[in-house]
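Take a look at the letters that make up each chain.
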Amino acid sequence: MGKIRTPYLLLLPGFLFLFTFFILPIVNLAQTSTQTPIAGGDTGQYEQTLRFANYLDAFLENREQFGRSFLYALIATVLALMISYPLAYAIAFKSGKYKNFLLVLVVAPFFTSFLLRTVAWKQILGEEGFVVPTLRTIGIISESTTLTSTAFAVVMGMTYNFLPFMTLPLYASIDRIDPRTLEASGDLYANAFTTFRKVTLPLSMPGVVAGTLLTFIPAAGDYVNAAILGSPNTKMIGNVIESRYFKIVDYPTAAALSFTLMAAILILVTLYIRKAGTEELV
Amino acid sequence: MSFDASSARGDLILTRITKEYGDFKAVDDLSLTIAKGSFFALLGPSGCGKTTTLRMIAGLEEPTVGSIHLGETDITTTKPYQRPINTVFQNYALFPHLTIFENIAFGLRRRGIKDVDAQVNKVLNLVELPHLAGRKPTQLSGGQQQRIALARAIVNRPALLLLDEPLGALDLKLRRQMQIELKWIQKEVGLTFVHVTHDQEEAMTMADTIAVMNEGQIEQMGSPAELYDNPKTAFVANFLGQSNLIKGTISGNDGDSIVADLYGQKISLPKHRSHAVDNSIYAGIRPEKFRISLLNTPVSGNVLGGGHIEDVSYIGVSTQYQVAMPWGQELIVFEQNDDGVAPFKKGDAVNISWEPVFTFALRGDEDVTAGSEVNPEVLDEE
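Chains as they are written, first to last, in my numbering: chain Z, 1 to 282; chain W, 1001 to 1382.
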């Protein structure tokens, strides 16, 4: 009997933790999402009326921010993939004895706060940074153009912040490829580009899928980059939820938006994995 | 400069090839011609440069000095995918994401060949695995993967097929079976095979010509029988089978024969089997060429007296003796168990005799242990 119970006993702490900090809040959030203000009550006082129209109202009111969230997250994911793939490839196959050192460098940004790093980007892209004057000098942007408080800054910040989430799974996947299969491909009449398309990329697909999900999902719900590097015109759905909850104290709308975001991400991710699981994405 | 050499055909000619990695010379001024249609083996211990030589032929490494020709075409700097050469890799290197069919079709598709289905099915039948076409490589046993790796290479009908320790990962029984099959397939398809191995038995079973490599150079090249019967160096004598090497001095001439003095006892050997440069020699005799006889038995040929049996190992088909000689050396003797005579016993006083034609002579300044310390059974990952 004792032998059978042991695994369940070992699972108990994890279950209790998830129940308290995941299941209960989700249930609470679900209840909140269909509440309405108490007539004549104070700000922040709501009662349960099962008003599911909250969802429709919340969505219609914030369509623009939803669209922007997914667009920014998509661009950041694509950029991160383009930066990370050659990086992960080089670390896996070309770095020799510097492999571990380079991996530490990839993770090194995590040693400081996410917020601090994002604020640092504000300075990098600001008037006093080197980027803006340089771009002005070589004529890529005009004298009047600024980079802070733009969609560009938000997407750059997101790309940067989520880069390690793309690089690490890609590295893990590429590192597992037997270099002899690449030699075999060359031996069997495939040039470098064909070898990449027919052997390297398909074999690294698990890393591509994991990396894009780990980047896209948090990026779609992110509000820090938009808050620090953006303007009212670059507001994402995360910013709306944040202000509804903490500033306007409109709990039902914030909760409804949260659930809508979760559902949207779930649908997109499911479609993506289905496609990635059956055929090559590229 | 690289260009498409895919239509080149003919003998493979390596001319004064050297490959250096920093200060280390993996291959040292090696010249070699491999005849079209032959089964050629590069044999040597790990680190002798045989795999590096193979990789230069495949185009995976570029020689530091020297040139490689296929017939009239210089392919020294041609990219691997532009050479009419295919490789069966050590550990096979099959594409794990593709089916067996697509693995074999890979080379055909890259070259835009039309009847892929027919050609793939033909080689699948040749290696007797047509039922595995739809499987993935991980679902196959080692022996099956080995055959698919071979099929993936020969389906392209290359001018040259390179085999890099192709049987190294298989167990002994399967290895024997594949040796016979590979030989048969080579005859069947009529391609030039270049086989790299550290296993002397494998090389001797399969190859028409063997080049024995040591420290980046070819020690000796010839048919298996030539190399075994008349090795030119102690390395070859020890690496291919076992040899008894006895120190001696040339003391005279007798027509086509040389007379030599081995610790005071005279023997003779044919002149053409001596590779000595002066009077100092090592006389070499293979263990199975020796005969053992008790002291009062008449003997013919070369005779060395004064031995006694030190150790007896019964191996079924033969009995292996170690015979201690008066000068302190122990000679190894294999006797076939085919005459119903009871084996000799430990301590018996014996003479050793053999036919003079089986004797070979090496230079007296050779290192007699060369090639005997390397353990050919250790699989290396060069």
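Treat the hints with care, since some could be wrong.
[Unchecked claim] Straight line, CA to CA, 25 Å or less: simulated SDA-like cross-link-like pairs of lysine to any residue: (1) W:K1079 to Z:G96; (2) W:K1079 to Z:R180; (3) W:K1079 to Z:E183; (4) W:K1114 to Z:G96; (5) W:K1114 to Z:T194.
These are calculated hints, taken from the structure and not from any lab test.
Evaluated hints:
1. W:K1079 to Z:G96: The given pair, whose Cα atoms are some 24 Å apart, holds under the 25 Å limit.
2. W:K1079 to Z:R180: holds, 16 Å
3. W:K1079 to Z:E183: holds, 11 Å
4. W:K1114 to Z:G96: Violated, because 42 Å separates the two Cα atoms, which is more than 25 Å.
5. W:K1114 to Z:T194: holds, 19 Å
In summary, the one numbered hint that this structure violates is 4.
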